[in-house]
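The task is simple: from the sequences and hints, build the whole structure.
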Amino acid sequence: VGQRREGESMKNPLDSLWGTIISGLVLTVILYFVVKSILT
Amino acid sequence: MDYVPALARWIHFMAGVMWIGLLYYFNFVQVAALKAAAADGTAAGISKHVAPRALLFFRWAAVVTWLAGAALLGGQFVNAFLLRGGMAGIGVGAWLGTIMLFNVWALIWPNQKKILGLKPATDEEKNRARRVAFLASRTNTMLSIPMLFFMAGGWSHRAIFGL
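Chains as they are written, first to last, in the numbering used here: chain A, 1 to 40; chain B, 1 to 163.
It cannot be assumed that every hint is accurate.
Result set (DMTMM-like, lysine to aspartate or glutamate): computed pairs, CA atoms no more than 20 Å apart in a straight line [claimed, not checked]: (1) B:K35 / A:D15; (2) B:K126 / A:E8; (3) B:K119 / B:D2.
Looking from chain A toward chain B, a few residues come up when the C-beta cut is under 7 Å (computed) [what the hints assert, rightly or not]: (4) L14; (5) S16; (6) I22; (7) S23; (8) V26; (9) L27; (10) L31; (11) S37; (12) L39.
The set of hints was computed from the structure by calculation and includes no laboratory data.
Please read these numbers as outputs of a predicted model, since none were measured by experiment.
Note that beta-carbon positions come from the ideal geometry of N, C-alpha and C, so glycine has one too.
Written out as structure tokens, the structure reads:
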């Protein structure tokens, strides 16, 4: 459990449009809190 | 001198719409269209007549957007890039835009020249160029999401950061 099978490779989220959009949204949330901590 | 930032903002918006609009065209339309066109043998029309024109406006709009943005920051340019003086919000947007500009000129355009046959390349080099250009373009699409968030609210709507 939790281990990848031999020969199985991780998929790049940027290969799909939804993966790209979700990655962008996650990055937005992370950067929002980074900026908030700098500004306050 | 109020007309300078107003003019810079106007140009920044117009060039930015062209840059990011073409970026979204490439990622949301052309990638899938080229795949479908390759299947029925009509991809050459896009590669020969559409992509080079789109890339011309794409890469120069990126330059104009960045320069107009720098002019708009004016005396706050250094503070923004050093994330100080209350400029961290717009500064993060500026950094993301700068990384995207680098991707356009250092990764996407040089590799697209090989793909489109504007620069000699072997089939192996073209295949590698396709992958690098694709991932750089997708990276820019991903970065455009936080970039637009911080551009939209990082300077003029700082209440979103609890200020």
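Going down the list of hints, with the structure as the test:
1. B:K35 / A:D15: 14 Å, holds
2. B:K126 / A:E8: 26 Å, violated
3. B:K119 / B:D2: 45 Å, violated
4. L14: This hint holds: A:L14 lies near chain B, its Cβ roughly 4 Å from the closest one there, short of 7 Å.
5. S16: At about 9 Å, which exceeds the 7 Å cut-off, the nearest Cβ of chain B leaves the hint on A:S16 violated.
6. I22: 9 Å, violated
7. S23: Check passed: Cβ of A:S23 comes within 5 Å of chain B, closer than 7 Å.
8. V26: 9 Å, violated
9. L27: Cβ of A:L27 sits 5 Å from chain B, so the hint holds.
10. L31: Hint on A:L31: holds, closest Cβ of chain B at ~5 Å, below 7 Å.
11. S37: Violated: closest Cβ of chain B sits about 9 Å from A:S37, beyond 7 Å.
12. L39: 5 Å, holds
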